[in-house]
Amino acid sequence: MGNSIEVKDLTLNFGSVSVLKNLNIDVQEGEFVVLLGPSGCGKSTLLNCLAGLLDISDGQIWIKGKNVTWAEPSERGIGMVFQSYALYPQMTVRGNLSFGLKNAKVPQAEIDKRIARAAEILQIQPLLDRKPAALSGGQRQRVAIGRALVRDVDVFLFDEPLSNLDAKLRSELRVEIKRLHNALGNTMVYVTHDQIEALTLADRIAVMKGGVIQQLAAPLEIYNRPSNLFVAGFLGSPSMNFLKGKTVDGGRAFQFGSTKIDLAGYEGGAVLERDQAILGVRPEHITVSTSPVSGPSMPAEVEIDEHLGADSLLWLKAEGTNMSVRVPVEGRLPPGTKVHLGLDIPKASLFDAKTEQRI
Amino acid sequence: MADVAMHPALTGPRGAKPRRLLSPRNIVLYGTLIVVCMYYILPLWVMIMTSLKGMPEVRLGNIFAPPVEITFQPWVKAWSEACTGLNCDGLSRGFWNSVVITVPSVVVSILIASINGYALVNWRFRGSEVFFTILIFGSFIPYQVMLYPIVIGLREIGLYGSLWGLVIVHTIFGMPILTLLFRNYFSSVPEELFKAARVDGAGFWGIYFQIMLPMSLPIFVVALILQVTGIWNDFLFGVVFTKPELYPMTVQLNNIVNSVQGVKEYNVNMAATLLTGLVPLIVYFVSGKLFVRGIAAGAVKG
Amino acid sequence: MAGNGAGAKGGSRLFRNLNAKIAAIPMILTALLVFVGGTAWTVLYSFTNSKLLPRANFVGLDQYERLWDTSRWVISIGNLMAYGAMALVFTIVIGFVLAVLMDQKIRFEDTFRTIMLYPFALSFVVTGLVWQWVLNPEFGIQHIMRSLGWENFAFDPLNDADTVLFGLLIAGLWQGTGFVMCLMLAGLRGIDEDIWKAARVDGIPTWKTYLFVIVPMMRPVFVTTFVIIAAGIIKLYDLVVAMTSGGPEGNASQVPAMYVYDYMFQAQNLGQGFAASTMMLLSVLIVLIPWAWLEYGRKSRG
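Residue numbers (my numbering), protein chains in the order written: chain A, 1 to 359; chain B, 360 to 661; chain C, 662 to 963.
Treat the hints as calculated values from the structure; they're not laboratory data. The beta-carbon is built from N, C-alpha and C at its ideal position, and this holds for glycine as well. Fair warning: there could be bad hints in the mix.
Label-pair distances were calculated between CB atoms; the ranges are [unchecked claim]: (1) C:K858 with B:G374: 18 to 24 Å; (2) B:L637 with C:T824: 28 to 34 Å; (3) C:R727 with B:V427: 19 to 25 Å; (4) C:R733 with B:R379: 26 to 32 Å; (5) C:E854 with B:E488: 17 to 23 Å; (6) C:R727 with B:T492: 34 to 40 Å; (7) C:V735 with B:E488: 37 to 43 Å; (8) C:V750 with B:P549: 40 to 46 Å.
The calculated DSSO-like cross-link candidates involving lysine-lysine, where the alpha carbons are at most 30 Å apart (straight line), are [said to hold, decoys possible]: (9) A:K347 with A:K244; (10) C:K766 with B:K376; (11) B:K602 with A:K131; (12) B:K648 with C:K712; (13) A:K64 with A:K131; (14) C:K712 with B:K602.
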């Protein structure tokens, strides 16, 4: 399998503002890559550059082995699905699907064939002669996907396609997009700020911030081994607990306030002794006990408990730091309870506080 | 407390608050509005009444009173016999001149301005915003400052005094407000629609004619209203840029009513005035809220 | 491979967006050639002694000295300032008060608005001629009041040099206040409903809320309205031509725009026309520059 998309040293400046900085990313054929990040991180901008809707300042974009850096959007062999669906309001669904093909002077018989196929895949046959205004949000997004489908291209670009839908519909369409990807095997680049979408859909996730890709890896890798503080804090809800302290004993332990935590089993690089370090532990990688526990642990006091239905969240204070811990429903404790927290060090992440990089 | 709870119906107000239609506030409010409306309606009323009276009745009576004997003679005379300084074939000539001037001016000015607005929103190029800013500030420059250079320019290309010369002038001076109108409208069209059309391979003109134009009919109607009334009502450009044979209706009306020779025929004058105001009035009453939208566009700076 | 698309489309920058640039040619020509070029040309030639034809024979400020020595010009400027001040104050105050009345959730709002706004659809020529007739001393308001018993009632503004401006004002307000009312009403409607709820909960009387809360919040609307009216007043021309032709007593209601037209196109004294129109431009700038500065300042402050 070759590379479907190659971005080489891509830079984009708006005036003196640098929006994308020297980006490099390769997407393999048939791969599903999600660009994830907070608003303003440049993820949609990058997608628009791939589509040719924005002219880049420097670098190259290759799609299917062709340099498309200067190519028009319609010449790049891409299909695109937008957040607001972007259906032409005055045309019927059929008109929307055929508009691009007519511009490309595809013969009518071929157009009909492709529309029939797309309509079948997306189950929108009964809607073909309706106007977009007569469709529900979910139906509109199906048509928008159909518009990319009929183009018969290898690369699909999705720009936050589910953001305008309500929660229930969003999860339905999410599954449908995954199914579509499995069935068609197209390369897909998908922009979202929703981490659930990213984690469920992606083969690989590119977490972006400030026009720079912070980490590009498989979802679990990103979740379990975030490469820096930003990625660690951005993924996961509630956020990872960050304990500020220092590493001692030649890197074998972490000093957090008056508590010393044994780092045996930590999976990462050489810890060494650092006087400013941050230990990151996800809420589900902590156990709570009212009696002292063996292994790495620390004392804490319960402040609030939140019932979430399937499980509970305990908000605690340890050494003056706020922490959250996910516990089973039966593990709930009243505020004020003194507890001991057991930390799962092999699943924890250690960061250098100065470089903010994972150790 | 318990007592109140037991007999809620007996203690204090209950249910909908009473409203009096003839409250002092309403009397003052509607009274003022009605008096104000009289001020606005009065001239129209006087115009219509006077135009339906014979001259003897005009001289004797009260301008507010309805005609004792209705006559349409003043209208006929205003249309086909009233004299300007030059000829005596009535306002009909001016009417047709105005039609001939207004139709191409409206079409050309709207076409150009809508393309401007579209280019400004979707196809920005280096300097496009600068030209637009100049255009907007230019709309505040008194026309008098630019009249003579335009006269020279039109003379150079051989259009001074011709119909098409005036069409160009109306296109130029209508451009700022119309471009603003279309620019603001097109910028409210989701940008993603434009992007989708580009991915679908449509170019500058393809997107304009196939996507933007069909979905912008309301704003074209607003522009149409704005331009029809504006160009129909123009006086200055008509005087400056055309020959007497081509004078628009407003200029001819002024020449008829304010001509010094002959006996003043007020009923004919009022019929002529009404005739001249008829086209914008019809546009106004038919268009309703769209007219408001058009004039408000000038006040909303984008 | 090297050079094949490395970097952005540098060399072809001029031809990128070519269609958009071609489509924008009318706008660019209007902005640069007519608005900037035409204005600069007129200003430049106002320093020449051009008579029948523009000649580049520069005479410094001669035309301006002559201009300010001409009593007709001085009267024109005085008239413009007096009329302008009155028109601005009355239009804005009346427009705002009407908008407040219309904002009281009244019935028949559409009808009231239709009546108040229709004069705005009419041309100044029509407006001037109608009011000329209504104010006619022999048949109009004065005649009616006298025939009702007030034998000494005198109301003949158009034939009295001292009051002719009020005559113009009555007509001008009739034509324009409805428009300002619409702008103000749009401004009032644009104010957050919660402000009203908060004021009501705080027990502030309605009139106080309008005066101390709403009016300050509507500052941008007032400023924009002010600029639009002021720019319109400086262009004032058709109304005076139709209503008084600049009289009575020759010059009593002259305005700068008439002076420009007469010297440019009738008296064949182009230099005077250019100097006078440059003065008009200057007066617009006096209004416009502080406004642009405020606008710009507001945007840069966020």
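Here is how each hint holds up against the structure:
no., hint, in the structure
1, C:K858 with B:G374: 18 to 24 Å, "holds, 23 Å"
2, B:L637 with C:T824: 28 to 34 Å, "holds, 32 Å"
3, C:R727 with B:V427: 19 to 25 Å, "violated, 57 Å"
4, C:R733 with B:R379: 26 to 32 Å, "violated, 59 Å"
5, C:E854 with B:E488: 17 to 23 Å, "violated, 35 Å"
6, C:R727 with B:T492: 34 to 40 Å, "holds, 35 Å"
7, C:V735 with B:E488: 37 to 43 Å, "holds, 41 Å"
8, C:V750 with B:P549: 40 to 46 Å, "holds, 43 Å"
9, A:K347 with A:K244, "holds, 17 Å"
10, C:K766 with B:K376, "holds, 17 Å"
11, B:K602 with A:K131, "violated, 52 Å"
12, B:K648 with C:K712, "violated, 49 Å"
13, A:K64 with A:K131, "violated, 35 Å"
14, C:K712 with B:K602, "holds, 22 Å"
Hints 3, 4, 5, 11, 12 and 13, counting from the list given before, are not met by this structure.
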